[in-house]
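Each chain, letter by letter, is given below.
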Amino acid sequence: MSKPISLLIWFLVLVFAQVFMLDPIMLGIPYAPLIYVLLFVLLPHQWEAWVVLLVGFFIGVMVDLLFLSGGIHTVASLIACFTRPLLMRAAYRDTISLRDLKIENESFGSLCLYTLLIILVHHFFLFTAMTGSWSKLGWLLGAWGANSILTIMTCFLLLVLTQKTK
Amino acid sequence: MQKLLNSILRNRTLLLFILLLALSLRYMARNHNYQRSNFLALNNAALAPFFEARHQFFSHFNLNQHNQQLIEDNQYLLAKLINEQNQALILDSIPFEVIPAQVIRNSIQLNYNHITLNAGEKSGIRKEMGIISAKGVVGIVHSINEETSSVISLLNKALSINAKLKKSNHFGSLHWNGDSPKDMMLSDVPLAANVQVGDTIVTGGMSAIFPKHIELGVIRDVIVPTNDNYYQLHISLFQDMTNLDYVYGVVIPKAETIKEMIIDNE
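These protein sequence lines map, in sequence, to chains V and A. To convert, note that position 126 of the first sequence is 126 in my numbering; the numbers rise steadily by one, no gaps. To convert, note that position 188 of the second sequence is 188 in my numbering; the numbers rise steadily by one, no gaps.
If you're looking for bench data, these hints aren't it; they were derived computationally from the structure. From the three backbone atoms N, C-alpha and C, an ideal C-beta is built for every residue, glycine too. A hint or two may mislead.
[To be verified] Listed next, the in silico SDA-like pairs over lysine to any residue satisfying Cα-Cα at most 25 Å (straight line):
#, chain 1, residue 1, chain 2, residue 2
1, A, Lys80, A, Asn67
2, A, Lys157, A, Val224
3, V, Lys136, A, His32
4, A, Lys135, A, Asn118
5, V, Lys136, A, Leu81
6, V, Lys136, A, Arg26
7, A, Lys3, V, Val51
8, V, Lys136, A, Leu21
[What the hints assert, rightly or not] Cβ pair distances, simulated, as ranges:
#, chain 1, residue 1, chain 2, residue 2, range
9, V, Gly145, A, Arg10, 33 to 41 Å
10, V, Pro4, A, Ile8, 24 to 32 Å
11, V, Leu161, A, Leu4, 46 to 54 Å
12, V, Pro4, A, Asn62, 57 to 65 Å
13, A, Asn11, V, Gly142, 21 to 29 Å
14, V, Phe20, A, Arg10, 17 to 25 Å
15, V, Phe20, A, Leu4, 22 to 30 Å
16, V, Leu141, A, Asn64, 26 to 34 Å
Turn these sequences into a full structure, and let the hints steer you where they fit.
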């Protein structure tokens, strides 16, 4: 299957699952994994940074519209996409150039680290935007930690389930 | 131009990020009250120096407009003050009015000084109209034409105006003795009056020229003559007569009727 079609399927599945299955209000729980963040991991790293920004913005707007969350997912998604090259460098330190990077050839551990970093950055800015103030730092750190753990676990599970055997 | 385009292309990701972030923050601020107030506070704090600088820059171009506004404000406040202080003197419910004018010439070196105003008959200035400023009396209109008027300055030895102590009803006559432009004399205040340095002097209102209670100055020195029953009081004016700009003509309601009554009584 070609990469764009595969991405589109990922996008539809993750956003659908996010909105209709993993909505914290619908589930009646304070936190739910935000699996759509996995899309930022799956975007081809060869794509130009500005294209990734536009895609991140679009995904954020979509989630905000479906969750009626008024822009907080857009802000967090945009920042996650902007910092993506930095996080990628941090996760794949051994690779000389990102242009030469082939994630499929790299270790699963690096992919997990990369996913972890993107989730942490995304969730930090998501909850910062949600609280809108540093005065609720305790709540912010708690929510960031709890929700990040949930998202990381779910995303790792999805990565393991969809990992192609070499 | 080429360099600018190159620079934009080189930093397109950063520029696009800033643009999209601004859009999403705006989107967020529109949907969350708390975030909106924080965003606005941050926005105001960050942009306040720019707004201040912009205001400073453009305010220089609007000085004339501001001056005009201040004149109108002063005109309104002076009229209101005079009317409140002279309620009993208002005849047939016709209120006191003030007409703004600007001093275009002011002599101070002579014994008989005059002031020229840029307002005349067309603006409503009339002969023998009292001229005041926001700080006190300036003079009395001597002659007029369509566009300008000549005023007998308070610094004119021929002029004396009716004044009284603010704290009592002891009247006297305020005049200039030709010395310092800051120094006026108040004579004819009886020794029976309790007079102290620092007491305020106001207009007496016993004419159809100035209303009552317009503050003139304070007593700077009290001279008790040995062979007279009246004080000689040195007065420091509130209004610096060497520094006049905007002044106001006072329209006394039914001034002509009052003048006729005064003449009849005399």
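**Message:** So if I understand the rule, the pair passes when the alpha-carbon distance is 25 Å or less; does A:Lys3 with V:Val51 pass?
**Reply:** holds (24 Å)
**57 to 65 Å as the expected CB spacing between A:Asn62 and V:Pro4, which holds or is violated** = With a Cβ separation near 59 Å, V:Pro4 and A:Asn62 satisfy 57 to 65 Å, so the hint holds.
**Message:** Can you confirm whether the C-alpha distance between V:Lys136 and A:Leu21 stays at or below 25 Å?
**Reply:** holds (23 Å)
**Request:** Please work out if A:Lys157 and A:Val224 have their alpha carbons no farther apart than 25 Å.
**Result:** Holds, at roughly 22 Å.
**Range agreement (Cβ of A:Asn64 with Cβ of V:Leu141, hint 26 to 34 Å)** = violated (58 Å)
**Asked** Honestly, do V:Pro4 and A:Ile8 meet the 24 to 32 Å range at C-beta?
**Response** At roughly 28 Å between Cβ atoms, A:Ile8 and V:Pro4 fall inside 24 to 32 Å, so the hint holds.
**Asked** Are the Cα positions of A:Lys80 and A:Asn67 separated by 25 Å at most?
**Response** Roughly 20 Å between the alpha carbons, so the hint for A:Lys80 and A:Asn67 holds.
**Prompt:** Should the hint that V:Leu161 and A:Leu4 are 46 to 54 Å apart at their CB atoms be regarded as holding?
**Reply:** holds (50 Å)
**Prompt:** Is the hinted pair A:Lys135 and A:Asn118 satisfied, with a Cα-Cα distance of at most 25 Å?
**Reply:** Measuring from Cα to Cα gives roughly 20 Å; hence the hint holds.
**Prompt:** Has the hinted range 33 to 41 Å been met by the Cβ atoms of V:Gly145 and A:Arg10?
**Reply:** holds (38 Å)
**Request:** Starting from V:Lys136, check that the Cα of A:Leu81 is at most 25 Å away, please.
**Result:** At roughly 54 Å apart (the allowed maximum being 25 Å), A:Leu81 and V:Lys136 break the hint.
**Prompt:** Is it true that the C-beta distance of A:Asn11 to V:Gly142 lies inside 21 to 29 Å, as the hint says?
**Reply:** With a Cβ separation near 38 Å, A:Asn11 and V:Gly142 fall outside 21 to 29 Å, so the hint is violated.
In terms of the numbered hints stated before, the structure departs from hints 5, 13, 14, 15 and 16, listed from lowest to highest.
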